[in-house]
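Build out the structure end to end from the sequences listed, making use of the hints.
Taken in order, the sequence shown gives residues 0 to 215; the numbers are from numbering that gives the first Met the number 0.
I should point out that these hints are in silico values taken from the structure, not numbers from a laboratory.
Beta carbons: idealized from backbone N, C-alpha and C, even for Gly.
Be aware that one or more of the hints could be misleading.
As the list claims (entries may be wrong) - No more than 25 angstroms apart at the CA atoms, straight line, and that leaves these computed lysine-lysine pairs for PhoX-like:
hint, residue 1, residue 2
1, K2, K127
2, K38, K2
3, K2, K85
4, K186, K163
5, K120, K164
6, K201, K186
7, K164, K31
Unchecked claim - Ranges of calculated distance between the beta carbons of each label pair, as one might list FRET restraints:
hint, residue 1, residue 2, range
8, I34, G143, 26 to 32 angstroms
9, T130, Q61, 26 to 32 angstroms
10, E149, D69, 46 to 52 angstroms
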Amino acid sequence: MWKISSLNADSGWNPTLEALFEPTNPRPIYHKPDIQIRKRCNRRFIVFGTGDEQNPTDSDSQDYFYEVEDRPLTGEETSLDRLMWKETFPQGEKMLSDPVIYLGVVYFTTYQPQGYCGAGKSYFYGLKVSTCTAIGGGAGIRYGLEEDEETGELRDVEFSNRQKKIDLGAGIATSVVIGPPRAYLQKPTGTGEGLGPPMSFKVPTVSKLIYWKEEF
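Structural data, given as structure tokens:
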């Protein structure tokens, strides 16, 4: 992951290129990162994942999701010291989507091939982003979906314990789009007719302020 600094409008600008993070097992990065800025402590956390989009059916690959802090290095530190946490995907699973941070949780989808004849599976992830005082990486998905026994329709269900990932079934899912109070994504229909209708998961919403006054 590279960082370009000293950008400006001067025609004689001299940007600085720096390796923000060099992992021990470098893998392709095809999708943009997202950034969480913690203003209270003036810290910036960058999240991104790896996965070879040119070879999505590679079942032997080893890919990861990282959170690194954008900060200067001191003393004998290397870029590895910027690592806050990482999620190691199961073999063959790879990130083929953009991550999006919402209310302290980063959401994204992954794809895992299931052999040469299968369509493979997608997964919906939600991982906590670090705060000023706590390292992230924990489970961040609060709500899932279950089928209503009477109607067969999907309905929201709140987990007793937060989850890291949800199985989306066959196909490669799109990037997640947040439109509170839902997180939306799509997958192929499997019939050659393009993408199916959007799937959506409930996400927390920002508490609304209640205004009041007292008259004396």
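Hinted pair K120 and K164, Cα distance within 25 angstroms: With a Cα-Cα distance of about 12 angstroms, the restraint between K120 and K164 holds, given a limit of 25 angstroms.
Outcome of range test on Cβ distance (E149, D69; 46 to 52 angstroms): holds (51 angstroms)
Given hint K31 paired with K164 - CA-CA distance at most 25 angstroms: With a Cα-Cα distance of about 21 angstroms, the restraint between K164 and K31 holds, given a limit of 25 angstroms.
Hint check for Q61 and T130 - Cβ pair distance inside 26 to 32 angstroms: holds (29 angstroms)
Verdict for I34, G143 (Cβ pair) under range 26 to 32 angstroms: This hint holds: roughly 27 angstroms between Cβ atoms.
Hinted pair K38 and K2, Cα distance within 25 angstroms: holds (20 angstroms)
25 angstroms limit on alpha-carbon distance, applied to hinted pair K2 and K85: holds (19 angstroms)
Holds or violated: K186 to K163, with C-alpha atoms at most 25 angstroms apart: This hinted pair holds, its Cα atoms lying about 20 angstroms apart.
Restraint check for K201 with K186, where alpha carbons must lie at most 25 angstroms apart: Holds, at about 18 angstroms.
Pair hint outcome, K2 versus K127 [Cα-Cα no greater than 25 angstroms]: holds (23 angstroms)
Of the numbered hints listed earlier, not one is contradicted by the structure.
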